[in-house]
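All chains should be modelled from the sequences, with the hints used to inform the complete structure.
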Amino acid sequence: MGSSKFQEALQSGKFVVTAEAGPLKGTSTTELEEIASVLRGKVDALNVTDQQSSVMRLGSMATCHLLKDWGMEPIFQMTCRDRNRIALQSDLLSAHVLGIENCLALTGDLPSLGDHRQAKPVYDLDSVQLLWAIKRLNEGYDIAGNELKGKTNFFAGAVVNPGADTEAAYELQIIKMQKKIEAGARFFQTQAVYDPVTFAKFMKRVEHFKVPVLAGVIPLKSAGMARFMNKNVAGVFVPEQFITKMAEAENKVKAGIEIAANLIKDLKNICQGVHLMAIGWEKKVPEILKTAGLIS
Amino acid sequence: MITAERKSFDQIKESIKEFESLLVLGCGTCVSVCMAGGEKEVGLLASELRIKNRLDGRDVRIGEATIQRQCDQEFIGPILETARKYDAVLSMACGAGVQLVAEMLAPMRVIPALNTRFIGITQEEGVWVERCRACGNCVLADYGGICPITMCAKSLVNGPCGGSKGGKCEASNEKDCAWVLIYNRLKKQNRLENIFKMFMPKDYSTQAHPAQMVNEAYLKVGVEEKHGK
Ligand code: SF4
Ligand code: SF4
Chain A
1 MGSSKFQEAL QSGKFVVTAE AGPLKGTSTT ELEEIASVLR GKVDALNVTD QQSSVMRLGS
61 MATCHLLKDW GMEPIFQMTC RDRNRIALQS DLLSAHVLGI ENCLALTGDL PSLGDHRQAK
121 PVYDLDSVQL LWAIKRLNEG YDIAGNELKG KTNFFAGAVV NPGADTEAAY ELQIIKMQKK
181 IEAGARFFQT QAVYDPVTFA KFMKRVEHFK VPVLAGVIPL KSAGMARFMN KNVAGVFVPE
241 QFITKMAEAE NKVKAGIEIA ANLIKDLKNI CQGVHLMAIG WEKKVPEILK TAGLIS
Chain D
297 MITAERKSFD QIKESIKEFE SLLVLGCGTC VSVCMAGGEK EVGLLASELR IKNRLDGRDV
357 RIGEATIQRQ CDQEFIGPIL ETARKYDAVL SMACGAGVQL VAEMLAPMRV IPALNTRFIG
417 ITQEEGVWVE RCRACGNCVL ADYGGICPIT MCAKSLVNGP CGGSKGGKCE ASNEKDCAWV
477 LIYNRLKKQN RLENIFKMFM PKDYSTQAHP AQMVNEAYLK VGVEEKHGK
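Heads up: the protein sequence lines correspond to chains A and D, in order. Oh and the first sequence: position 282 is 282 in the working numbering, straight run, nothing missing. Oh and the second sequence: position 217 is 513 in the working numbering, straight run, nothing missing.
Rather than coming from a laboratory, the hints here were simulated on the basis of the structure. A quick note: this is a predicted structure, and the numbers were derived from the prediction, not measured. Don't take every hint at face value.
If you only want the chain D side, here are some residues facing chain A, beta carbon under 8 Å, derived [as the list claims (entries may be wrong)]:
| hint | residue |
| --- | --- |
| 1 | Phe315 |
| 2 | Cys367 |
| 3 | Phe371 |
| 4 | Ala402 |
| 5 | Thr446 |
| 6 | Ala449 |
| 7 | Ser451 |
| 8 | Val453 |
| 9 | Asn454 |
| 10 | Pro456 |
| 11 | Lys461 |
| 12 | Ile491 |
| 13 | Pro497 |
All C-beta atoms, glycine included, are put in the ideal place defined by N, C-alpha and C.
This is the structure we're talking about:
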């Protein structure tokens, strides 16, 4: 079995670009199809979120499958929140059968953050153990040690938060990153980065792992959004200068795109790629990449 | 201890409205310590019910009793005869106590007055916090004495999620992130290397419900003593 197109892109040594698409609540896929047609050929792969922020919606696996039909390379995001070890492994087998080759293992937000607050959280496995489960399935075994008839062939990755705000949280992120690599993570996507200098220090710390890291980029839409993230999103710190720029800009879209594009230019010298989480601005991703000089 | 809190007065009143006599039965152990179902609380609830009934013009006979433990047959035995003189028992024990009393009094009705919450400790006067989920396979030794199963909102055993902010948990700004606590404790103990290893998926079969526990040695001695007599 060969490697996925996304894996090949990372191995080619080029600066890799991934973006993110969130399925909607309901069965409508028109928006997703439009996003796919805008991003086709512009990004190396597209992450599909799994019940993002614990809000119930169309599933990641089915969406990944559709993306393949639409000529996109999907990254199947999988959280540990909603499924026990039986369901997780079974869904991985199903995803493989549907032609999905990349998987991103996540812990998953608590149900209390979403729209079904009374749901029972599962967390039977954690993200490290999920990566290990993927590795076992790739080797032809389930995690109970039973042999599979036909194994999977996933290129598995994980997330890391390089902006953790206390010494303990920062060190723990690095310890967990190492454990994720030992469990089978072969690429990382990060929480949104706004300060390339701090991020460069983080990259120095994890350089010896020799695992590609795609820095998270969230384009700013307003000063309010930046302040909200600073206050509420763990590990995200938008510097004051960007907040002022957004507040003062007459054309907020243009300013947001410029900030994101400049960040990408800086990040190009620091890590192996970027992961654009556009949150509603998916169709503006090509413009951001163009401004950053990554595509023509 | 097992912690519990009293159901709302309206809820309790609704659940006992069909009875003409009622024994309010307290428990002198855990729920007494967490001020939910001990002798004092039995007295309070019984008086509240009497006053309410009088206001409503209802004639309900309300008795009070508190035994040392409602989760132990030995302590329930002596109260059975008294209890049967009532239409129902309003138990102020944890869910386990309510069930044993109901079993021993069956088919008499036994109604719970408390919501059983968790296994916890007294943090300060009037504040109790959970510390153990009775997972059946204690891993405290690996984590510097801080339980990741209970204290981490996601029961993560291999390190924190990405939601930890300022040392606090994604679940609430008021709760410490268990993993920051674990890190700091292990660091002080010079045992950080402990959390570099991968912890395998937890064996949840130990939590198959209803769980049972048998002390073989005790049973054996018991049998021998009986035969000896
Ligand atoms: S590991 Fe935690 S939940 Fe399990 S027995 Fe120990 S303290 Fe209780
Ligand atoms: S923030 Fe800390 S305690 Fe809360 S769920 Fe995440 S790791 Fe667990």
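The hints, checked one at a time:
Annotation: interface hint on D:Phe315 violated; nearest CB of chain A at approximately 32 Å, more than 8 Å. Below 8 Å, beta-carbon pairs count as interface contacts, and D:Cys367 has none with chain A, the closest being about 26 Å; its hint is therefore violated. Below 8 Å, beta-carbon pairs count as interface contacts, and D:Phe371 has none with chain A, the closest being about 35 Å; its hint is therefore violated. About 31 Å separates the beta-carbon of D:Ala402 from the nearest beta-carbon of chain A, more than 8 Å, and the hint is not met.
A hinted interface residue such as D:Thr446 counts as satisfied when its beta carbon comes closer than 8 Å to some beta carbon of chain A; here the least separation is about 13 Å, so the hint is violated. Interface restraint check: D:Ala449 against chain A, minimum CB-CB distance 6 Å, threshold 8 Å, status holds. With a cut of 8 Å, the hint placing D:Ser451 at the interface with chain A holds, because the nearest CB-to-CB distance is about 5 Å. This hint holds: D:Val453 has a C-beta 6 Å from the nearest C-beta of chain A, less than the 8 Å allowed.
The restraint placing D:Asn454 at the interface with chain A holds, with a minimum CB-CB distance near 4 Å, inside the 8 Å limit. Given hint, D:Pro456 at the interface with chain A, holds; its Cβ is 5 Å from that chain's nearest Cβ, closer than 8 Å. For D:Lys461, the suggested interface contact is upheld, since its CB lies about 4 Å from the closest CB of chain A, less than 8 Å. Given the 8 Å rule on beta carbons, the hint for D:Ile491 holds: about 6 Å separates it from the nearest Cβ of chain A.
The closest approach between the C-beta of D:Pro497 and any C-beta of chain A is roughly 5 Å, which is under the 8 Å cut-off, so the hint is satisfied.
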